[in-house]
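Asks: Quick note, the sequences are listed as chains A and B, same order. Quick note: the first sequence uses this note's numbering, first residue 1, plus one each step. Quick note: the second sequence uses this note's numbering, first residue 145, plus one each step.
Treat the hints as calculated values from the structure; they're not laboratory data. Heads up, a few of these hints could be off.
Here are some, though not all, of the chain B residues that point toward chain A, as calculated from beta-carbon distances under 7 Å [as the list claims (entries may be wrong)]: (1) Leu152; (2) Ser188; (3) Val234; (4) Gly236; (5) Ile242.
All C-beta atoms in this analysis are idealised placements derived from N, C-alpha and C, irrespective of residue type, glycine included.
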Amino acid sequence: MIDSSESNQSPHSALLPLYMGLAFLGTLAVGLILGFLARPLIIPDQVEVVEVVATAAISPVQSVAQANVASPDAENKAGDVASVTAAGTDAGAPSQAGDDQPQQATDAAAVPTPTIMEFLMSDARHIQGAADAPVTIIEFSDFK
Amino acid sequence: MYKNFAILGPESNIAAEGGECAAEQDLFWEYHDFIFADQATVRSALNEEGLIALAADIGLDVDAFGECLYSKRYASTVQQQAMSVQSLGVRGTPGFVINGVYISGAQPFEVFQQVIEEQLVALGASDGNPSFGGQPIGPSPPGQ
């Protein structure tokens, strides 16, 4: 004996979960793309100087003397010595990061920004040696 | 210049706060040198009672040092310093910046010597007369 409820189902009914899954994935993909494209509307234009520094990871032995703290290049590119050093001499230098935020580069050019050394020495508490010494050594350490 | 980078737990923070308290008595560097001179012994004393017990050996006013340490008035300063250093991407101690050149870890003397001499050469390049302790530095001219 054949169940009438089963016999009335169309062949496509079995594929319904598959269609729903595909629809969900499609919706998710569209959402991700829209979210990616809408980043400029979500992320604030103004970036704090310290926030830029906060993302400037530096490698074990790396020249950051001329790194401009507010340079957009410092973000995600601190490992690239050449680009960081070049940015230090021109606060308004165009950059990859600044391409989609030209206003930020303009602001950086208008306001003098400190170098890494100036930033580190701005809140110095323990200093010894001649103030006009040609070499300054900054030690970050833990007494433990 | 020394910057606290207390990242190894509560004992690190207390030891760093002890340094700030020693600085109140203009004895920061004495504290610094004492703590680092014998880490094996000092490590077990990195708490309020232990540091106060060491204070007399450092030449500190023990009562004033103890009052300062227990007051925790430098706790936020120490935490802010650690965050400041971390914002540069520094993740371990010790770390050093010599005229903008970052050195990670406890490197041998020769590493520091090389960086310092390179910096002095760079600084002296403009007048063509680099010197270090009265002695010329950098590669010798051909024929010498």
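Asks: Against each hint, give a clear statement of whether it holds in the structure.
Replies: Hint by hint, here is what the structure shows:
{"no.": "1", "hint": "Leu152", "in the structure": "5 Å, holds"}
{"no.": "2", "hint": "Ser188", "in the structure": "11 Å, violated"}
{"no.": "3", "hint": "Val234", "in the structure": "6 Å, holds"}
{"no.": "4", "hint": "Gly236", "in the structure": "9 Å, violated"}
{"no.": "5", "hint": "Ile242", "in the structure": "5 Å, holds"}
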